[in-house]
Amino acid sequence: MRLSKNPIIQGTATVYIEFFRGTSLLVQLFWFYYVLPFFGLTLEAFTAGVVAIGMNFGAYGAEIVRGGILAVPKGQWEGAFALNFTPAKRMRKIIIPQIFPIILPPAANLTVELLKATALVALVTVVDLTFEAKQINAITWLSAQCFGTALLIYYIISRFFLVPFLRWLEVIAARKVGKDKI
Amino acid sequence: MNAEWRWDFAIEILPQMLLATLNTILAAGIGYAIAAIVGLLFLLGQRTPIKIVNMVNREIVEFIRSTPLLIQLFFVYFVLPQFGITLSAWVCGMITIGLHFGTYLSEVYRGALEGVPKTQWEACRALNFSTFYTYRKIVLPQAFPIAIPGMGNYLVGIFKDTPLLSTIGVAELFHAATAVGGYHYRYLEPYTIVGLIFLTLSIPAAMWIRKIEKNVNLAQGKIKKEQL
Numbered sequence: 022m023r024l025s026k027n028p029i030i031q032g033t034a035t036v037y038i039e040f041f042r043g044t045s046l047l048v049q050l051f052w053f054y055y056v057l058p059f060f061g062l063t064l065e066a067f068t069a070g071v072v073a074i075g076m077n078f079g080a081y082g083a084e085i086v087r088g089g090i091l092a093v094p095k096g097q098w099e100g101a102f103a104l105n106f107t108p109a110k111r112m113r114k115i116i117i118p119q120i121f122p123i124i125l126p127p128a129a130n131l132t133v134e135l136l137k138a139t140a141l142v143a144l145v146t147v148v149d150l151t152f153e154a155k156q157i158n159a160i161t162w163l164s165a166q167c168f169g170t171a172l173l174i175y176y177i178i179s180r181f182f183l184v185p186f187l188r189w190l191e192v193i194a195a196r197k198v199g200k201d202k203i
Numbered sequence: 051m052n053a054e055w056r057w058d059f060a061i062e063i064l065p066q067m068l069l070a071t072l073n074t075i076l077a078a079g080i081g082y083a084i085a086a087i088v089g090l091l092f093l094l095g096q097r098t099p100i101k102i103v104n105m106v107n108r109e110i111v112e113f114i115r116s117t118p119l120l121i122q123l124f125f126v127y128f129v130l131p132q133f134g135i136t137l138s139a140w141v142c143g144m145i146t147i148g149l150h151f152g153t154y155l156s157e158v159y160r161g162a163l164e165g166v167p168k169t170q171w172e173a174c175r176a177l178n179f180s181t182f183y184t185y186r187k188i189v190l191p192q193a194f195p196i197a198i199p200g201m202g203n204y205l206v207g208i209f210k211d212t213p214l215l216s217t218i219g220v221a222e223l224f225h226a227a228t229a230v231g232g233y234h235y236r237y238l239e240p241y242t243i244v245g246l247i248f249l250t251l252s253i254p255a256a257m258w259i260r261k262i263e264k265n266v267n268l269a270q271g272k273i274k275k276e277q278l
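The listed protein sequences derive, respectively, from chains A and B. Sequential numbering from 22 applies to the first sequence in this note's numbering. Sequential numbering from 51 applies to the second sequence in this note's numbering.
I should point out that these hints are in silico values taken from the structure, not numbers from a laboratory. Just so you know, nobody snuck in bad clues.
Pairs of lysine-lysine residues, derived as DSSO-like cross-links and limited to a Cα-Cα distance of at most 30 angstroms, are as follows:
hint	chain 1	residue 1	chain 2	residue 2
1	A	K110	A	K197
2	B	K168	B	K261
3	A	K95	B	K261
4	B	K101	B	K187
5	A	K95	A	K110
6	A	K95	B	K264
Just a few of them, taken from the derived set where beta-carbon distance is under 8 angstroms, the chain B residues facing chain A:
hint	residue
7	T117
8	V129
9	D211
10	P213
Using N, Cα and C, we set each Cβ at its ideal position, and we do this for glycine too.
Generate the whole structure from the sequences, applying the supplied hints.
Below, the structure is given as structure tokens:
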């Protein structure tokens, strides 16, 4: 949408992206959870957390996709144009398949960031790993053990599950467009 | 609970919020300074010829990068006292932010150094420059513009992560908002003001960084005027 020629659509997208990238996730989270009820829209903690994180990372993701689309060589656009493809077909058949190998490495980073960001939902009382660690800490007062375990769990999820999976996706995407070596 | 925005209340709490904003900026600044130095240390660890140091360094960086800042904060804040080291919330927060973003900055530095073409090194070798001289006169001036966008992004990133400090009781902007909101039982204005203050600070900062980036590139002759 940021690439749209229509100034209204482009403007809306820019404001959205700047807004969500310009303020911190925690503020957005609290806003969704504590402020929206004043407007008569009460979200459950979990919903508020998911919506806030989704909208925040959507803004970051949009920038990555935009970079990916702009990185597709101009010749490809012109080629599609020369073959008289409709804009929709051009996007679907030519451009989008090519952006995957470009956007996957930054998208992988973003995914790890996302995993880390989920820790914040504990602050709006969602019962996640962080919340649980805090609870146990408050009861047992064994801080080293419970926060250490939480750290390790996050580390293991990201290092041994998430990252290898994303690397695998990158390899597949590169192979699909005939670039075996990134 | 009434839904409408109250201007008198917003204006009443505004000075308090602005005062707390100073704390936020201070925290971001100190955190960034620490992170820049820690980043250099990690970079050194990465570039030493000793394999085992490299590997340990790599794992530490990976570990810090893939775990949430929030839990790291709790860890430093709650665990260190058990070993007899009691630090104030401020010090804890600064150390944790410094460590966390130091790992990111070390990656930025590394990328920048690797971005300098290898032929530059070879030319310096051919001219018989010392390693120190090569770094100071040839490599660093060229690595710098490559590092600027990344460094700038993390400055804004640190700034946006300072609200996390409120969870361990550092009296910054977000902490003030929660306190004010809790006191008056009105969260609409405080949190909205926090969001607006963040926007008004981070968007100009991002624009300013982009401008510096352009200027540095211009000075280096990387891009020409007409390309802007």
